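Asker: Read off the chains here:
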Amino acid sequence: MKTCNILRLAALTSSLIFSAGAIAADSFKIGLILPMTGQQASTGRQEEAAARLYMAQHGDTVAGRKIELIVKDDTTVPDMTKRLAQELIVNDKVNVIAGFGITPSAMATAPLATQSKTPMVVTAAATSSITEASPYVVRTSFTLAQASVSVANWAGKNKISKVITLVSDYGPGKDAEKYFSQTFTANGGQIVESLRVPLMNPDFAPFLQKVRDAKPDALFVFVPSGSGASLMKQFIERGMDKAGIKLIATGDVTDDDQLNGMGDGALGVVTGHHYSAAHPSKMNKDFVKAFEKANNGMRPNFMAVAAYDGMHVIYEALKATKGEGDGDALVTAMKGMKFESPRGPISIDPDTRDIVQNIYMRKVEKQHGQLYNIEFDVLKDVKDPGKTK
Amino acid sequence: MESASLSLQAHSRWKHLETVFWLFALLSPWLLAKHALIINEIVIVALFALSLDLILGYTGIVSLGHAAFFGFGAYSAALFAIHVMPDPLLGLLFGAGISLLLGALCSVLILRGSDLTRLMVTLAVALILKELSNKLSWLTGGTDGLQGVMMGPVLGKFDFDIRGITAAWYSLAVTFLLFLLIRRLVHSPFGATLTAIRDNRLRAMAIGIPVSTRIAVIYSISAAIAGAAGALLAQTSSFASPDVFAFDRSADILLILVIGGTGWLYGGIIGAIVFKLLQDVISSITPEYWTFWIGAFLIALVIVGRERFLYPWKWFAKR
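As you go down the protein sequences, you meet chains A and B in turn. Counted from 1, the first sequence has number 185 at position 185 by this note's numbering; the numbering is strictly sequential. For any residue, its number in this note's numbering is found by taking its place in the second sequence, counting from 1, and adding 1000.
Hints listed in this document are in silico derivations from the structure and should not be mistaken for laboratory results. As the structure is a prediction and not an experimental result, all values here were calculated from the model. Among these hints, one or two may not hold up.
Examples of chain B residues lying across from chain A (beta carbon under 7 angstroms, computed) [stated by the list, open to error]:
no., residue
1, Q1009
2, K1034
3, E1041
4, T1140
5, T1143
6, D1144
7, R1163
8, D1243
9, F1247
10, T1291
Here are the simulated DSSO-like pairs of lysine-lysine, each with C-alpha atoms no more than 30 angstroms apart in a straight line [claimed, not checked]:
no., chain 1, residue 1, chain 2, residue 2
11, A, K29, B, K1015
12, B, K1034, A, K93
13, B, K1034, A, K117
14, B, K1135, A, K162
15, B, K1135, A, K29
16, A, K66, B, K1034
17, A, K159, A, K93
18, A, K215, A, K289
19, A, K319, A, K338
20, A, K233, B, K1276
21, A, K162, A, K335
22, A, K210, A, K162
23, A, K215, B, K1034
24, A, K93, B, K1135
25, A, K117, B, K1276
26, A, K380, A, K282
27, A, K66, A, K246
28, A, K93, B, K1276
29, A, K117, A, K335
30, A, K233, A, K366
31, A, K338, A, K162
32, A, K178, A, K157
33, B, K1135, A, K387
34, A, K162, A, K117
35, A, K178, A, K242
36, A, K117, B, K1015
37, B, K1135, A, K210
38, A, K178, B, K1135
39, A, K233, A, K246
40, A, K162, A, K387
Just so you know, even glycine gets a beta-carbon here, dropped at the ideal spot from N, CA and C.
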């Protein structure tokens, strides 16, 4: 311990003498905590792959400091997430924690970020209130409110007047239901019924039958990405598309990672989301190509792009603070950051630390024999409508 | 006469190894300060496993839903901290007490039927509670979890620190005290009647053991201890979410008892240490595929046998 202190003192004095150059000795650590096993495993795999891709493309040295990425599996259990974050902060002395697959995990960890003044970059969990849980939270994924408000606006303009909503019964689902209904009714639409299905192993059949009997113009759906495929299948099996009921949803339902497996029944489904692997920009084309090449042809989804941008935010903040890596300075540097992402132009809202991004309206179409979400409309610079403060 | 009672009591005496084990355990938060957080987690899981062993190993009642009491204790303690007062010890007592009551209520359900129906009933109770914790979001915060649990210092002196040393020490001390209590209990005449019930319920009834009462009592005690373990988790992580009722938790401790051995107080503890350390070490090496290695380990353990796994020299012993 003593020698360690002396070394630190030496480093400090030399840094005072030789300016910033001397700090280069220790690495800058990023603790990435994700669900790598269990129900949400696909989120973890996409995100880890994207983070590693970013490092491979942009080098692992920033402002003279070597970047070290530590990946941990929290098995989607919130107290595990918290313990891992705590260990990363206390033992590994990470400079930034990132990841967080589900809302409770992020919520459980947020007080820790405040306590230790460690920036916490949320790259997945999508409930609005997360950024309010700690002043050190910065989000690069999206919020459900962003996506659902956009879908509601689009629906109001496209001859859809009666809608039934169907969401998974948990935080993000309730957000989706609330913000869709608010916007849709404000635009003169009518919500016939609001259905909630259980989060784990849902059976959609009885709910869909109800929808069929009620015959609305459209069914608005939010379910987390894994459940989308089975919902779609049952929707088609019941011939609801032929009965004239449109399926509109947030992009989680037609997740790029699983879209191809859903079959042609998914064709024509309209969704609103912030990212499609088919986004027509050069940056995105390069990103998709590099991602597929590095991961056995796996298509990047909205989780991957969030982790990719999360890494970008961390890299840029480190550059802006000249490699110092102090928690407060990093968060300050992240606020208001504006850049081009594979999903399009995005920025970090300086007031809420939440992401501001374009929300695209997309329709599932076939391209080169594969299913893609093809963008046909865009709402520019959508802030999170879910902030209460 | 003297020697007979001595030999009968011999197995309930403290052995040197036990003393060494607990001394080391109680000092571990200081000795291994870097690992205080994982120690805390292991201790909580060990206590939870111990509570299941009381009914499974000692009384022969199978359960796939012991997380019901664990989670109930966790939520009770967390809500106590928010709405009543932040003192950890009182919260712990409250959590354990509430779980005791729930255990007493639920014991009615497990008195009848076969093992299979018991598996189903216990599982169902845990599932119901999990769904309740999800639905009653005004009370529990729903799926997002219970926010804003602020714990006061232990005994009014020791604040929970970010390195987790107070947490580990607190959990260890509570677990040690409860262990003493459990140890006394299973070596008492009461404990002997439990094993009698486990070995042959009909015969136990015939020699005049009040089987139903005994099962109800031990089930409630076991529930209280599981509740205490849950309370420790909620207090040391200042958080509770419906996940505390998860089936995985009930299954994990069953697995831990399989690893460590049932009907043996140190079984749950050793199992918890082995299981959690394996998980921690392997998952930090390969975050994606660690479950495969745990599975492989379990299969190897079952095929080779625990005895020969723990004491490799027994491979060569004469049968």
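Asker: Each hint: holds or not?
Answerer: Evaluation of the provided hints:
no.: 1; hint: Q1009; result: violated (41 angstroms)
no.: 2; hint: K1034; result: holds (5 angstroms)
no.: 3; hint: E1041; result: holds (6 angstroms)
no.: 4; hint: T1140; result: violated (11 angstroms)
no.: 5; hint: T1143; result: holds (3 angstroms)
no.: 6; hint: D1144; result: holds (4 angstroms)
no.: 7; hint: R1163; result: holds (5 angstroms)
no.: 8; hint: D1243; result: holds (6 angstroms)
no.: 9; hint: F1247; result: violated (10 angstroms)
no.: 10; hint: T1291; result: holds (5 angstroms)
no.: 11; hint: A/K29 x B/K1015; result: violated (46 angstroms)
no.: 12; hint: B/K1034 x A/K93; result: holds (12 angstroms)
no.: 13; hint: B/K1034 x A/K117; result: holds (20 angstroms)
no.: 14; hint: B/K1135 x A/K162; result: holds (27 angstroms)
no.: 15; hint: B/K1135 x A/K29; result: violated (39 angstroms)
no.: 16; hint: A/K66 x B/K1034; result: holds (24 angstroms)
no.: 17; hint: A/K159 x A/K93; result: violated (55 angstroms)
no.: 18; hint: A/K215 x A/K289; result: violated (42 angstroms)
no.: 19; hint: A/K319 x A/K338; result: holds (14 angstroms)
no.: 20; hint: A/K233 x B/K1276; result: violated (40 angstroms)
no.: 21; hint: A/K162 x A/K335; result: violated (40 angstroms)
no.: 22; hint: A/K210 x A/K162; result: holds (14 angstroms)
no.: 23; hint: A/K215 x B/K1034; result: violated (61 angstroms)
no.: 24; hint: A/K93 x B/K1135; result: violated (38 angstroms)
no.: 25; hint: A/K117 x B/K1276; result: holds (29 angstroms)
no.: 26; hint: A/K380 x A/K282; result: holds (19 angstroms)
no.: 27; hint: A/K66 x A/K246; result: violated (51 angstroms)
no.: 28; hint: A/K93 x B/K1276; result: holds (23 angstroms)
no.: 29; hint: A/K117 x A/K335; result: holds (15 angstroms)
no.: 30; hint: A/K233 x A/K366; result: holds (18 angstroms)
no.: 31; hint: A/K338 x A/K162; result: violated (38 angstroms)
no.: 32; hint: A/K178 x A/K157; result: holds (19 angstroms)
no.: 33; hint: B/K1135 x A/K387; result: holds (23 angstroms)
no.: 34; hint: A/K162 x A/K117; result: violated (48 angstroms)
no.: 35; hint: A/K178 x A/K242; result: holds (28 angstroms)
no.: 36; hint: A/K117 x B/K1015; result: violated (47 angstroms)
no.: 37; hint: B/K1135 x A/K210; result: holds (22 angstroms)
no.: 38; hint: A/K178 x B/K1135; result: holds (17 angstroms)
no.: 39; hint: A/K233 x A/K246; result: holds (14 angstroms)
no.: 40; hint: A/K162 x A/K387; result: holds (27 angstroms)
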